[in-house]
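If you count by the working numbering, then the sequence shown holds residues 1 to 94, one letter each, in order.
The set of hints was computed from the structure by calculation and includes no laboratory data.
Check the hints yourself; a few may be wrong.
In the EDC-like style, the derived pairs of lysine to aspartate or glutamate whose C-alpha atoms are separated by at most 20 Å in a straight line are [said to hold, decoys possible]:
id	residue 1	residue 2
1	41	69
2	70	56
3	70	85
4	22	11
5	42	69
6	42	61
7	70	36
8	70	46
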Amino acid sequence: MACTSGCKTRDHESYGACLQAKSVRTYLASPSKGLDGTLQKKWDAELSAYRAARQEGIQPDSTRMPAIEKARRLSDENGAAYGRDFHVAAPMEE
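All chains, full assembly: derive it from the sequences and hints.
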């Protein structure tokens with residue numbers, strides 16, 4: 001018997017067969033094909049942060065985390081929503 005410790009039936013021929021019966025899968029673990037769970041989680045976190053900022057009335061310049069954090073920081077410092085109530089002007093060229 002080579003089943004996993006949490007197996008309910010304990011009648012599988014091998015450990016692999018037991019895992020297959022449980023439908024165990026990896027989470028996007030094929031970097032050669034462009035599938036990486038870490039990158040997916042980072043991307044999802046950035047989109048969630050952007051969505052939260054937009055719900056607060058803040059309009060970041062992009063969906064990337066540095067832009068979102070900058071917009072939040074400027075909004076906190078100025079007491080107004082970045083992108084809606086004010087923008088940071090580009091420096092003038094001489």
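If any of the earlier hints don't hold here, list their numbers in rising order.
-> 7
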